[in-house]
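K.L.:
Go by the hints and put chains B, C and D onto chain A.
Protein chains: 4
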Amino acid sequence: MELSTPLILVNLKTYTESLGERAVKLAKIAAGVSKETGVCIGLVPQFTDIHRVASSTEVPLFAQHIDPVQPGRGTSAILAEAVIEAGAIGTLLNHSERQIRLVDLEASLVRATEVGLKTCICSNNQAVSSAAAALGPDFIAVEPPELIGTGIPVSKTKPEVVTATVETIRKINPKVIPLCGAGISTGEDVAAALQLGTYGVLLASGVTKAKDPEKVLMDMATHAAK
Amino acid sequence: MELSTPLILVNLKTYTESLGERAVKLAKIAAGVSKETGVCIGLVPQFTDIHRVASSTEVPLFAQHIDPVQPGRGTSAILAEAVIEAGAIGTLLNHSERQIRLVDLEASLVRATEVGLKTCICSNNQAVSSAAAALGPDFIAVEPPELIGTGIPVSKTKPEVVTATVETIRKINPKVIPLCGAGISTGEDVAAALQLGTYGVLLASGVTKAKDPEKVLMDMATHAAK
Amino acid sequence: MELSTPLILVNLKTYTESLGERAVKLAKIAAGVSKETGVCIGLVPQFTDIHRVASSTEVPLFAQHIDPVQPGRGTSAILAEAVIEAGAIGTLLNHSERQIRLVDLEASLVRATEVGLKTCICSNNQAVSSAAAALGPDFIAVEPPELIGTGIPVSKTKPEVVTATVETIRKINPKVIPLCGAGISTGEDVAAALQLGTYGVLLASGVTKAKDPEKVLMDMATHAAK
Amino acid sequence: MELSTPLILVNLKTYTESLGERAVKLAKIAAGVSKETGVCIGLVPQFTDIHRVASSTEVPLFAQHIDPVQPGRGTSAILAEAVIEAGAIGTLLNHSERQIRLVDLEASLVRATEVGLKTCICSNNQAVSSAAAALGPDFIAVEPPELIGTGIPVSKTKPEVVTATVETIRKINPKVIPLCGAGISTGEDVAAALQLGTYGVLLASGVTKAKDPEKVLMDMATHAAK
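Residue numbers (my numbering), protein chains in the order written: chain A, -5 to 220; chain B, -5 to 220; chain C, -5 to 220; chain D, -5 to 220.
Pulled out of the complex, with its shape left as it was, chain A reads as follows (with noise of 0.2 Å):
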């Protein structure tokens, strides 16, 4: 369960193609392209899917969210220990498609570090990447939303947002990972990714709507081992 690079990180979102027993089942599968191909590949399930998981596989899980609340009130709030009690080792925060506001964005991290989370920042272009990097996440993904669920590779669109981001985090605050978002969903993509700097992929639809996942993932690991 350990995060190790390259990582390939898989977000479920709220496909029904990942939903409960298939996330069960997607993790498996990740799990043995894993252990095969020696890369590291983590999933994102739904919130209620975390515990299930968890208690099927070793895969690293990160939760899709968390939100910057004390225990106690804040019905409906993701909670961190919530998260980390279900089996989850990280968080994403600010994905394109639950944006928080700044202030809770910092929280979050704060909330996040103070149970042992890690954290990854979605982005959605060079300068929110460098106000990401300033509050010093684990790992920044950038995803221009524009490219989100399309199939076309912001590695290949748009390499230069990529090296750009890649740049800007390493200015700001080396310590932090760069990984690539948006579109992946082949091994040659996340070869590019990796190539512009990054280590790792964010991606979604390219694995849990393939036909078949496991080809999928063991063509991006293997692509990504070398």
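Simulated from the structure, these hints should not be mistaken for laboratory data.
Check each hint, because a few of them may be wrong.
Distance condition first, Cα-Cα at most 27 Å in a straight line; then the derived DSS-like pairs of lysine-lysine [unchecked claim]:
(1) D/Lys169 to A/Lys165
(2) C/Lys165 to B/Lys169
(3) A/Lys220 to A/Lys29
(4) C/Lys22 to B/Lys169
(5) C/Lys22 to B/Lys165
(6) B/Lys165 to C/Lys19
(7) A/Lys169 to D/Lys165
(8) A/Lys169 to D/Lys169
(9) A/Lys169 to A/Lys112
(10) D/Lys165 to A/Lys165
Residues of chain D placed beyond 12 Å of chain A at every Cβ, according to the derived structure [to be verified]:
(11) Lys29
(12) Glu30
(13) Glu52
(14) Arg92
(15) Gln93
(16) Val97
(17) Thr144
(18) Lys152
(19) Tyr193
(20) Lys205
From the three backbone atoms N, C-alpha and C, an ideal C-beta is built for every residue, glycine too.
P.N.:
Just chains B, C and D, lined up with the frame of chain A:
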């Protein structure tokens, strides 16, 4: 797992006292009291705990919230299908700690109905209850926000708010079942709530933070059964 | 500056075509058409333009939104008192481009009533209209969001949505005056809206982006006057 | 109307004491003090008052907020062009009473730059200030939220927060000018703020609710001028 009235609905919020395995333990206590008294006791655990609790007991479970999204995109959204899949049979909506837009409330009711989730809209006053009733949920729980978490029962302090709300709901939509929330912590509070025309209670800290939750639940269920 | 029905309410949104001095000019045109036809034409300018327009014409003005705040803190909130002070006599609430929480909608109506502002809740469908009617605003404007800004009039394309909404509003609260929005751009659209049982229209681009707003307003007012 | 440092920026919030004609009066007082002392005093009126105040005085005005929208749709949004048109030369962003999403903060800075508005990001702590600095606004005002409106000056109570923030901002982006907010109500507070390395203050009730605003402003400006 059938819902019936009088109903005691216990919101576990983000209390660590009722997180993870402690939610399972509380659910088993609730199941025991329910069996002994014949009074329906439901739990409203954190999202990450729904499946865990549902796998261990027969207690009816509500989610704390759902989002009006369709499966697919919507990272971190609470999908109606995911809540059902995890084992819940219903959901709170518009809790005072997660108040939502009118348009989303209406759309969430549609989504809940599509997947077969019961719905309980929380309301802070008579006017909001009338709007909620017009939308046709299964339950409306009226909770003056200034009393939440205080141990001061609305059924005793502001009985006129409860009776006026019950009357309003009946007038707008007689199919909607009124519940009474805020400050309920004893069997007497429950009895008072029922005498005011409601069919049950929504409560939280009165049970989750009780030294002996079983004793409190037994007291409440016994009063409700009379 | 008295409101009367049939009412033509023109939302200036954030169009630059109706910003600043151009809002004043449009208000003068509206005043002229209103005087000539006897049909009430109101404008809904940007907040920054309310005082400027109110100082120059007698046209009834609505704000685009108010917040349910009391005077004091609340930097950037739209204070009911400020809107009145600037010269508006009413406010939109819950426009499809600024949908608000049910609890805030109710509280904003209370605030509007406290200061004497007329209220027009915007609604996207029949169910939301029924909830809105239960809250007792002065007007409800039903606007299927998919038609907004299209020039495809709801009064022609989805007459059944309009009539069902009119009927629902009448049943829940007969004092509330139904208006028809979305896609209204000609006098015929206005006539169709009135024939379906509404007492006026809420529109935007049909006037603000018209080559000759006076001609369009005259066409609408003439049809409304029949 | 030129901005210069030291800068005293007075946020009128939604105080009725500084609404409408009273905002104009306060602006004239500020103009007088500014002229006499040579210290720049800016006002941050409600949106509805910007044009009114700008038409009557030469005092530099900031909006309390802008939204990252383009002209067009966006009913009730605060359009950058509208704020300029009304007579403002700058805008606050992310005030503690209107905290915004990181992505919107970045996009609002872009919009402000496009139309030529100066920007002042409000920040609640050092970490948020570092992220804000990375985005490159003109000013950052650090305001520990627990001190806002208390009359307890951050410059005296938490000088280390101010100096650490000033240092952080300088490191991340030396072009950004740090201001000091929260609890400033006397000339001494202003002097303390400047000694800690800031170039001015952002305050509200200390002036707007003062019995004699002119006296307070004169005290502040005199200390700032030293």
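K.L.:
All hints, please: hold or fail.
P.N.:
Against the structure, the hints come out as follows:
1. Of the pairs offered as hints, the one joining D/Lys169 and A/Lys165 holds, with about 17 Å between alpha carbons and a cut-off of 27 Å not exceeded.
2. Of the supplied pair hints, the one linking C/Lys165 and B/Lys169 holds, its CA atoms being roughly 17 Å apart against a limit of 27 Å.
3. A threshold of 27 Å between alpha carbons decides the hint, and for A/Lys220 with A/Lys29 the separation of about 15 Å falls inside it, so the pair holds.
4. This hinted pair does not check out: C/Lys22 and B/Lys169 have alpha carbons roughly 51 Å apart, beyond 27 Å.
5. Of the pairs offered as hints, the one joining C/Lys22 and B/Lys165 is violated, with about 46 Å between alpha carbons and a cut-off of 27 Å exceeded.
6. In summary, the hint linking B/Lys165 to C/Lys19 is not supported, as the alpha carbons are separated by about 48 Å, beyond the 27 Å threshold.
7. Between A/Lys169 and D/Lys165 the alpha-carbon distance is near 17 Å, which keeps this suggested pair within the 27 Å criterion.
8. A C-alpha spacing of about 24 Å is found between A/Lys169 and D/Lys169, which places the hinted pair at or below 27 Å, so the restraint holds.
9. Note on A/Lys169 and A/Lys112: the hinted pairing holds, with a Cα-Cα distance of about 13 Å set against a maximum of 27 Å.
10. About 12 Å separates the Cα atoms of D/Lys165 and A/Lys165, which keeps this hinted pair within 27 Å; it holds.
11. No beta-carbon of chain A comes within 12 Å of the beta-carbon of D/Lys29; the shortest separation is about 37 Å.
12. Interface exclusion of D/Glu30 from chain A stands, the closest Cβ pair being 38 Å apart, more than 12 Å.
13. The beta carbon of D/Glu52 is kept farther than 12 Å from every beta carbon of chain A, the shortest such distance being approximately 33 Å.
14. The claim that D/Arg92 is not at the interface with chain A is violated, since a C-beta of that chain comes within 12 Å of its own (minimum 10 Å).
15. For D/Gln93, the requirement that its beta carbon stay farther than 12 Å from each beta carbon of chain A is not met, with the minimum near 5 Å.
16. In this structure D/Val97 is not separated from chain A by more than 12 Å, as the shortest Cβ-Cβ distance comes to only about 5 Å.
17. Consistency note on D/Thr144: stated as away from chain A, and its beta-carbon is indeed over 12 Å from all of that chain's, at 19 Å minimum.
18. Interface exclusion of D/Lys152 from chain A stands, the closest Cβ pair being 17 Å apart, more than 12 Å.
19. With a cut of 12 Å on Cβ distances, D/Tyr193 stays outside the contact zone with chain A, its closest approach being about 21 Å.
20. D/Lys205, annotated as away from the interface, keeps every beta carbon of chain A farther than 12 Å; the closest lies near 34 Å.
Checked against the numbered hints above, the structure breaks hints 4, 5, 6, 14, 15 and 16 and satisfies the rest.
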